[in-house]
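With the hints as extra help, turn the sequences into a complete structure.
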Amino acid sequence: MIENMVREFAEKEIEPVADELDKESKYPTEILEKMAPLGLLGIMIPEKYGGAGLDAVSFAIVIEEISKKCAATGVVTEVHNSLVSWPIIEYGTEEQKEKYLSILAKGEEIGAFAGTEPNAGSDLGSMETTAELDGDHYVINGQKTFITSGSEAGVLIVFAKTDKEKGHRGISAFLVESDMDGFQVGDIYDKMGINANHVSELFFDDMKVPKENLLGEEGDGYKIALSALDRGRIGIAAQAIGIAQRALEESVEYSQQREQFGRPISKFQAIQWKLADMATRIEAARLLVYRSAMAEDKGGNVSKYAAMAKLFASELAVDAANEAIQIHGGYGYTDEYVVERLYRDAKITEIYEGTSEVQKMVVSRDLLR
Amino acid sequence: MVLVYSEDKDITLELLSKGSELTESLDEELSAVLIGEDDPDQYIRHGADNVFVVKTDQETFKAEEYSDILVELMKEGEDEVLLLGADKNGQELAPRVASKLDTGCVSECTALYVENEDIITERVIYSGKALAVERFDSKPAVVTVPPKLFDPLPEDEERSGELIEKEIEVSPYPSKIVDIKEKESVGVDVESAETIVSCGRGFDNKEDIEIAQELANNFEGNAVGCSRPISADLNWLPEEHWIGLSGHKVKPRLYIAVGISGQIQHIAGIRDSDIILAINKDEDALIFESADYGIVGDLYEVLPKLIEAVKEKKT
Amino acid sequence: MEIIVCAKQIVDVSDIKIDDKTNEPILKGVDDKISDIDKNAVEEGIKIKDELGGNLTVLLVGPSEATENIKELLAMGADRAVMVPWDGSSSYDVVSKIIAGAIEKIGDHDLILCGEASLDLFSGQTGPRIAALLDLPQITYAQSLDAEDEKIVGHKDVGGKVVSIESTYPVLVTVTKEINEPRLPSLMDILGASNKPMDVWDAESLVSDDLQPGLETVEIKGVPMERKKIVFHDDLDESIEKVVEKLAKEGVLG
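Residue numbers (our numbering), protein chains in the order written: chain A, 1 to 369; chain B, 1 to 315; chain C, 1 to 254.
These are calculated hints, taken from the structure and not from any lab test.
Keep in mind that this is a model prediction, so the values were computed, not measured.
Don't be surprised by glycine CBs; every beta carbon is placed ideally from N, CA and C.
Please note that a few of the clues may not be correct.
Unchecked claim - Calculated lysine-lysine pairs in the DSS-like style (CA-CA distance at most 25 Å, straight line):
(1) C:Lys-246 x B:Lys-311
(2) B:Lys-166 x B:Lys-183
(3) C:Lys-229 x A:Lys-106
(4) A:Lys-274 x C:Lys-49
(5) B:Lys-176 x B:Lys-100
(6) A:Lys-12 x A:Lys-48
(7) A:Lys-223 x A:Lys-304
(8) C:Lys-151 x B:Lys-9
(9) A:Lys-26 x B:Lys-281
(10) C:Lys-242 x B:Lys-313
(11) B:Lys-281 x B:Lys-9
(12) B:Lys-313 x C:Lys-229
(13) C:Lys-246 x B:Lys-206
(14) B:Lys-88 x B:Lys-55
(15) B:Lys-176 x C:Lys-47
(16) B:Lys-176 x B:Lys-88
(17) A:Lys-99 x A:Lys-211
(18) B:Lys-166 x B:Lys-100
(19) C:Lys-17 x A:Lys-267
(20) A:Lys-267 x C:Lys-228
(21) C:Lys-47 x C:Lys-151
(22) B:Lys-251 x B:Lys-148
(23) C:Lys-151 x B:Lys-314
(24) B:Lys-281 x A:Lys-12
(25) B:Lys-181 x C:Lys-161
(26) A:Lys-211 x A:Lys-223
(27) B:Lys-176 x C:Lys-49
(28) A:Lys-267 x C:Lys-229
To be verified - Sample of chain C residues lacking proximity to chain A, with all beta carbon distances greater than 10 Å (derived):
(29) Asp-50
(30) Gly-53
(31) Glu-72
(32) Asp-79
(33) Glu-104
(34) Ser-123
(35) Leu-184
(36) Met-188
(37) Ser-205
(38) Val-218
In structure tokens:
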């Protein structure tokens, strides 16, 4: 029923505007406003803070359905629900939960996750942003980059070093509000795809953050970031499946309409095999995503399964979008068909929240322990 | 007996035409039912063997009382068929009567015939994708027939028949008609138009429908139609223009769908068009699936050019 | 105010394809759902309940798997559901007798709401049949409703006229799609739906009559809709020229 509800929502509210958002690089503010009352911005947030209190499987279903119609809205929703809300649920104090989770669940503010820096992507340990305790607040200085919803978010989890000597053990996580003094949004990137997602630089210039906004303990930042990313990857894998599923549906439809040599191209085995491959891989990827979500819900090795799911699903998304354009032929290369957008949107799933190479590292590290 | 009733005179004449065909196959009599004031003889002249002229206190049509009247008329249980009009009144009357008589009912049949002494009907289902052929296993067969499906028989001044006066008192129901407002009639009849230019959500505002009218003006017997949202949601055009499953069903020679996405409910209303031309800026729009010809483009660019081109071609 | 909304589970008509070889509609693998206009009826029921207070029961006679789809109506805001599993004849006379029997068993009812028709077969028989069986007044094809504690007025369109019908309770009302926009349930509503009561009743226990259908379906065959589907998407002037040429050839320009 969750699937039906989100599907209907996405068909009614997202699909009609997705092209425009993409072409004009418009952030999906209005869509997010409509998602909030449906609980889609507080999927895993407990009911007592105004969320739906659902599990990771439900989260994956929601992200897939939204991404099917707009992958950019999908990632904004994913970051908000997993990378931002989840660490607060898991590590937040009661005060932090009451304050921030209810804001996030109601969609009063959108969340962002500020980890990546120009010189620290997957290697968080080389992060240069610092936080110094000064009386009852921390003073944060530094710069972040490639931050999803960076320019739009009101609540951010910002990672900074409280101890420069300790490498990744010196990283701490802070709950930051975008109206805090010293918070600045830098450039918003022009990207190849997921254009409706505004990805920006952030600058912190003597930004004062109250002491009580430290998430977890000092030095917990690395642990928090990694465990959040595990959950995030479940979402990115679901997003990738949404893209792939859409590519398949568009291809099935188009191949039955388009006639060449006197019959629909779906009658040609070359096309049939492409469709069969796509469908089979999508189903396999979906099972992997559910496997990782169940590891999250029922206990298990989330890191490994989430990495596998993201690795497999993101490569599938790129391949499926590629094949979908091939099936559409010349028309697929134009912006008159959505497969062109899918192709541009798919690529990022192999990159953000850990590249495919990093996912392989995670999986192999688990095997060779 | 085959009984025929509609509170719309024109529909009654059409029903008599079909009814007389049935009575021939069934070797039965054909009776028209007249409730209220009108000339009963015209029904005789159009094929009825007799007419039940019912006197009642009920002034206007109301399904509850009228079904009790019909049930009272048919209480002998000898009747084979009851034909009713498939207008809104007939549509709510038929199942109510059928239920009171504990019999089957077919709404909006597209064909009706006798085969091996059984009454067989056909009707469109699944939004026009399929046809259901059904056989009555109960009596009488209650069937509603869409307006204009059958042509009335030519008037025969020589025909004679019996007028049977009935006084039927029915107890009133606790519901009543409290108001009837004439909607401003625009005198549009999309159902008999030869060429229809139909507007959908692709139009930005009400005034722009003028452009559709301008295109339509180039054709004889034209009408402007619209999809559900234009009439029901936005109220840009009165309901007379609304084409679709629950609006009007049309059968023009040329149907031009402009800025209409092509929801299945709309398609159900235009299936019987000879040629369908669709104009839509979305290449994926469903309407192209159900069209003979399509132009992908912004209607605001397409229409002016199309109007010019049609004018030119015609001169 | 005791409100009962009758809902039907149908196949998603837009998904139905016709088998080329047998010319029969392919129903296998087609999703089922609650008929759209029945959701308008539920929405209207919720609005009336919110305004006047009371209880809203949804009632569904149909395949036993429909329990999943009924939950959606509970999530929308119905208070309870009654499900009567029935895979016998779907003839309207049979089904409406079961529905009427279930309504009698539910007991109190002021307002019975139905969709004007189901989107699969679009006959519009069930509402008036239930009204007849329960000997209730009926307001059909309502495009708007004004409900008060003692009476309800429905407005409908009848051939260019707006007819307003007033009735006291109990009454049966069928509504059209235009009456409202059914709400989407939130995730919280969906979770809450599982905790709402759903009774499952046996159809045979509800009806004393024998359930002989008055109609037998002889055959269902596909209606071919062969369209040429020639779509022009190149240069606009060229497209228009070609289309006008085609229309002239078809002889529909005159």
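Q: Check the non-interface label on Glu-72 of chain C: least C-beta distance to chain A beyond 10 Å or not.
A: violated (6 Å)
Q) Is it true that the CA of Lys-99 of chain A sits at most 25 Å from the CA of Lys-211 of chain A? A) Answer holds: Lys-99 of chain A to Lys-211 of chain A is near 15 Å, not above 25 Å.
Q) Is the straight-line distance between the alpha-carbon of Lys-176 of chain B and that of Lys-47 of chain C 25 Å or less? A) Answer holds: Lys-176 of chain B to Lys-47 of chain C is near 24 Å, not above 25 Å.
(Q) For Lys-246 of chain C and Lys-311 of chain B, compute the direct alpha-carbon distance and say whether it is at most 25 Å. (A) holds (15 Å)
Q | Least C-beta distance from Val-218 of chain C to chain A larger than 10 Å | A | Holds, because the least Cβ-Cβ distance between Val-218 of chain C and chain A comes to about 31 Å, which exceeds 10 Å.
Q | Distance restraint between Lys-166 of chain B and Lys-100 of chain B, which requires alpha-carbon spacing of 25 Å or less | A | holds (20 Å)
Q) Holds or violated: Lys-47 of chain C with Lys-151 of chain C, Cα cutoff 25 Å? A) holds (16 Å)
Q.
Just to be careful, I want the Cα atoms of Lys-267 of chain A and Lys-228 of chain C compared with a cutoff of 25 Å; is the pair within it?
A. holds (19 Å)
(Q) Hinted pair, alpha-carbon criterion (25 Å max): Lys-229 of chain C, Lys-106 of chain A. Please report holds or violated. (A) violated (47 Å)
Q: Below or equal to 25 Å on CA atoms is what counts here, so check Lys-267 of chain A against Lys-229 of chain C.
A: holds (18 Å)
Q.
Checking one constraint from the list: CA of Lys-176 of chain B to CA of Lys-88 of chain B, max 25 Å. Satisfied?
A. Roughly 17 Å separates the two Cα atoms, so the pair holds.
Q: Verify the proposed pairing of Lys-281 of chain B with Lys-9 of chain B, using a straight-line Cα cut of 25 Å.
A: violated (45 Å)
Violation of the numbered hints given earlier is confined to hints 2, 3, 4, 6, 8, 11, 13, 23, 31, 35 and 36; the remaining hints are satisfied by the structure.
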